[in-house]
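From first to last, the protein sequence lines stand for chains W and P. Numbering follows numbering that gives the first Met the number 0, with no gaps: position 364 of the first sequence is 363. Numbering follows numbering that gives the first Met the number 0, with no gaps: position 153 of the second sequence is 152.
Each hint should be verified, as a subset may be incorrect.
[Claimed, not checked] Partial list, computed: chain W residues near chain P (C-beta under 7 Å):
no.	residue
1	F119
2	T126
3	Y127
4	M130
5	E137
6	I138
7	V297
8	L298
9	G301
10	I305
11	V308
12	M309
13	P312
14	A360
Hints are computed from structural coordinates only; laboratory data are not their basis. We put the beta carbon where it would ideally sit given N, CA and C, even for glycine.
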Amino acid sequence: MSAATASSTRTRAPTVHWSRVVLLVTVLALVALPTVLPHRAIAMVTQMQIAALFALAFNILWRQTRLLSFGHAAFFGIGMFATIHIMRAVAARSAFLPLPLLPIFGLMSGLVLGVIVGFFATARTGTYFAMITLAFAEIIHQLSPQWEGIFGGESGLSSMRMAWAGLSFGSDKEVYYLVLVWCLAAMATIHYFTLTPLGRLAFALGDNEQRVRFLGYNAPLAKTFVFIVSAMFTGLAGGLLAIANENVDHTIFRASLSGQVVIHTFIGGAGTFLGPIVGATAMTMFSSLAADLTRLWVLYQGLLFIAMVMYLPQGIVGLAVDCAAHWRWRELGPRLPSLLAVLGGIILLTAGIVFIAEFLAALATNPFARRTDHGVLTVALCGATWDGAALATWLLPLCSVAGGVILTRLGAAWLSHAVPAGVQQTAHG
Amino acid sequence: MDFVAVSLLNGISYGLLLFMVSAGLTLIFGMMGVLNFAHGSFYMLGAYFGYSLARYANFWLALAVAPLAVALIGAFIERFMLRRAHQHGHAHELLLTFGLLFVFEELVKLFYGFYPVEYRMPATLTFAAFTVSGIDYPFFRLFIAVVAVAMFVAIFLLLRFTRAGLIVRAAVHRPQMVGALGHNVPLVFLAVFALGAGMAGLAGTVAGAFYPTSPTMAQELGMIIFVVVVVGGLGSIEGALAASLLIGIFSSFAVGLDWTLADLGTPLGLDRWLSGLGGLLTVRLSTMASAVPFVLMLIVLLIRPAGLMGEKA
Numbered sequence: 000m001s002a003a004t005a006s007s008t009r010t011r012a013p014t015v016h017w018s019r020v021v022l023l024v025t026v027l028a029l030v031a032l033p034t035v036l037p038h039r040a041i042a043m044v045t046q047m048q049i050a051a052l053f054a055l056a057f058n059i060l061w062r063q064t065r066l067l068s069f070g071h072a073a074f075f076g077i078g079m080f081a082t083i084h085i086m087r088a089v090a091a092r093s094a095f096l097p098l099p100l101l102p103i104f105g106l107m108s109g110l111v112l113g114v115i116v117g118f119f120a121t122a123r124t125g126t127y128f129a130m131i132t133l134a135f136a137e138i139i140h141q142l143s144p145q146w147e148g149i150f151g152g153e154s155g156l157s158s159m160r161m162a163w164a165g166l167s168f169g170s171d172k173e174v175y176y177l178v179l180v181w182c183l184a185a186m187a188t189i190h191y192f193t194l195t196p197l198g199r200l201a202f203a204l205g206d207n208e209q210r211v212r213f214l215g216y217n218a219p220l221a222k223t224f225v226f227i228v229s230a231m232f233t234g235l236a237g238g239l240l241a242i243a244n245e246n247v248d249h250t251i252f253r254a255s256l257s258g259q260v261v262i263h264t265f266i267g268g269a270g271t272f273l274g275p276i277v278g279a280t281a282m283t284m285f286s287s288l289a290a291d292l293t294r295l296w297v298l299y300q301g302l303l304f305i306a307m308v309m310y311l312p313q314g315i316v317g318l319a320v321d322c323a324a325h326w327r328w329r330e331l332g333p334r335l336p337s338l339l340a341v342l343g344g345i346i347l348l349t350a351g352i353v354f355i356a357e358f359l360a361a362l363a364t365n366p367f368a369r370r371t372d373h374g375v376l377t378v379a380l381c382g383a384t385w386d387g388a389a390l391a392t393w394l395l396p397l398c399s400v401a402g403g404v405i406l407t408r409l410g411a412a413w414l415s416h417a418v419p420a421g422v423q424q425t426a427h428g
Numbered sequence: 000m001d002f003v004a005v006s007l008l009n010g011i012s013y014g015l016l017l018f019m020v021s022a023g024l025t026l027i028f029g030m031m032g033v034l035n036f037a038h039g040s041f042y043m044l045g046a047y048f049g050y051s052l053a054r055y056a057n058f059w060l061a062l063a064v065a066p067l068a069v070a071l072i073g074a075f076i077e078r079f080m081l082r083r084a085h086q087h088g089h090a091h092e093l094l095l096t097f098g099l100l101f102v103f104e105e106l107v108k109l110f111y112g113f114y115p116v117e118y119r120m121p122a123t124l125t126f127a128a129f130t131v132s133g134i135d136y137p138f139f140r141l142f143i144a145v146v147a148v149a150m151f152v153a154i155f156l157l158l159r160f161t162r163a164g165l166i167v168r169a170a171v172h173r174p175q176m177v178g179a180l181g182h183n184v185p186l187v188f189l190a191v192f193a194l195g196a197g198m199a200g201l202a203g204t205v206a207g208a209f210y211p212t213s214p215t216m217a218q219e220l221g222m223i224i225f226v227v228v229v230v231g232g233l234g235s236i237e238g239a240l241a242a243s244l245l246i247g248i249f250s251s252f253a254v255g256l257d258w259t260l261a262d263l264g265t266p267l268g269l270d271r272w273l274s275g276l277g278g279l280l281t282v283r284l285s286t287m288a289s290a291v292p293f294v295l296m297l298i299v300l301l302i303r304p305a306g307l308m309g310e311k312a
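This is chain W alone, in the form it adopts within the complex (with noise of 0.2 Å):
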């Protein structure tokens, strides 16, 4: 996030090689996965890759510009419905285009879409830009039901995958392949965009707009540039949505979408180009893992997003940016017994909370229907049986938050010790 994590990401030129091996692997193990993968699991990460070029799409504003936009949903439903209604059109005979082509029509329509907004929006900057993005995306929310013709009203618009020379897209993995291509190229796109002058330019204006001015640019223009191509990246990530789901509705612009594109990027990284990937990839993931699990996982994200808020802004890859800047693979042996005290409080801290909080809504949702002879509650968690009205099942979970809180305490005053003063300042920078 701060200026000390971009430049360190900035002049992390000599160990580029590694990250290509990295980048390497990653792109072999996406294209072998759908052999080993269940089927449901296929589609699953084919969602990962769509949510992750949101994120991504949705971070060139972020990261370079500085620009927090509260209205991405916007862009990203309007790429679901344009490729919709070419899918329509296509599977009606009236149009003739193959299907790997059809997300064009959503990145178009973000372009579009964001060439109007951008260039509203990027005359004010800060908490202003926030909300005139916010009041797009939800005029849009809200006149979206009324436009039957264009939105599908309350049912929304469903369409059907057409084959085409010789695929017939109909299984999970020939869908697979077709995001994973798309969202290879437009991530990589994306990441030469901020080498080109005007991505450079985009991260001068996010560090001090002002100077860009007294240089001479048109400082509005180039934001709104950077605004659109954001726009388009992310229509384009919905047309792929619209192509792996053959249906939408108008909820697709609801506010929380919007909200969590920038949970997504925030709990990996904003200020990295990794970040916004690997923080969607995970809770995409942790999402659909725990829901089959819990109901409460809405909750826990929100916990973590708010725990991350305050103790590392920097995100995940922001975090693992800057041990890799500062430690050195010898430092790590002092360092060992600090981490893993770190590590072991927030397990020990989740573990609480999330008994605490399943035991609650265990309690809440159905307070008749373990009521035992004696009159008081019993719930079934992790295993076991556990009395209501016992003081150690309270006593338990809250010695286990406590401890844990102490434990990370510890830990990162010890860490901290061991740690030049570079790393602290990177850190709270």
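With chain W's structure known, arrange chain P on it following the hints.
Chain P alone, transformed into the frame defined by chain W:
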């Protein structure tokens, strides 16, 4: 005529309710520079606390205790969360309140379930204030307005005529200068944040009994009060009052209007042709009413970001 009178009354009552919630939001923004996404959550918490207290005790106790509880939560958030996020910058404070919005909604779902709860107004207040064209006008709408006006008067007197109010007003405009003069600005921030949360909580306790009390109420109202504080001018209490009444009265009238955009062409004889185009042009204004506040907010942001009565741009 009756339609106008009843709509006007409804609009003023709803507008005053909006003001109760947005007053705290705009004060907090003026002082801390943070647009509090979780402010609608305070309104929701007030309603749910009120519901619980009214269920196990009575409505009047709820009216006294629920806002206090919400104010305490607000104080906790300011003291232990926002102050920590403040080190990382304004954007992080904004994000923190944004996360709180999600967490509060989920917590309410955890304890009270996904569906609206039956939070009813007390029987002693459920009577008709008067009758218009054979339809009883509920007294409770007037009660909401009375509570809002009482609160406005109290806040106005507090800000205008007390020493504490003087410091708060100064801190809204120049927090650093007030700090330099030796006042405890962080304490002022804490107090104003708690007060703002408490006012939103009071609004929730009162209005929750009349309007539906559900987990989505925080997000729905949160959006509208953003419109109110932006249109009124971020940081301006008088602006918030004017904008609240404007939006409240507009919303209540819009429900009864069946104009369409195509009707705009009537003077030019184009209405038939425009209706033929269909789409948004034939949608009735009453169904588009929910989008109009946001259009208004957009126009204000683009043309006069300081709002109706704000001074900061």
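*Using 7 Å as the Cβ threshold, decide whether F119(W) counts as touching chain P.*
6 Å, holds
_Under 7 Å is the threshold here; is the Cβ of I138(W) close enough to any Cβ of chain P for the hint to stand?_
5 Å, holds
*With 7 Å as the cut and Cβ atoms as the points, is E137(W) at the interface with chain P?*
5 Å, holds
*Should the interface hint for M309(W) be scored as holding, given a Cβ-Cβ cut-off of 7 Å against chain P?*
Given a least distance of 5 Å, the restraint on M309(W) holds.
*Classify the hint on P312(W) as holds or violated, based on whether any CB of chain P lies nearer than 7 Å to its CB.*
5 Å, holds
*asked:* Using the nearest Cβ pair, does M130(W) come within less than 7 Å of chain P?
replied: 6 Å, holds
*When the nearest CB of chain P is found for I305(W), is that gap smaller than 7 Å?*
4 Å, holds
*At a threshold of 7 Å, is the proposed contact between A360(W) and chain P supported by beta-carbon distances?*
Since chain P brings a Cβ to about 5 Å from A360(W), closer than 7 Å, the hint holds.
*Proposed interface contact between L298(W) and chain P, which counts if any beta carbon pair is under 7 Å*: 4 Å, holds
_Interface hint outcome for Y127(W) [beta carbon to chain P under 7 Å]_ = Since chain P brings a Cβ to about 5 Å from Y127(W), closer than 7 Å, the hint holds.
*Against chain P, is G301(W) within 7 Å by beta-carbon distance?*
Because about 4 Å separates G301(W) from the closest Cβ in chain P, which is inside the 7 Å limit, the hint holds.
*Hey, does the V297(W) contact hint survive, CB to chain P under 7 Å?*
5 Å, holds
Checked against the numbered hints above, the structure violates none of them.
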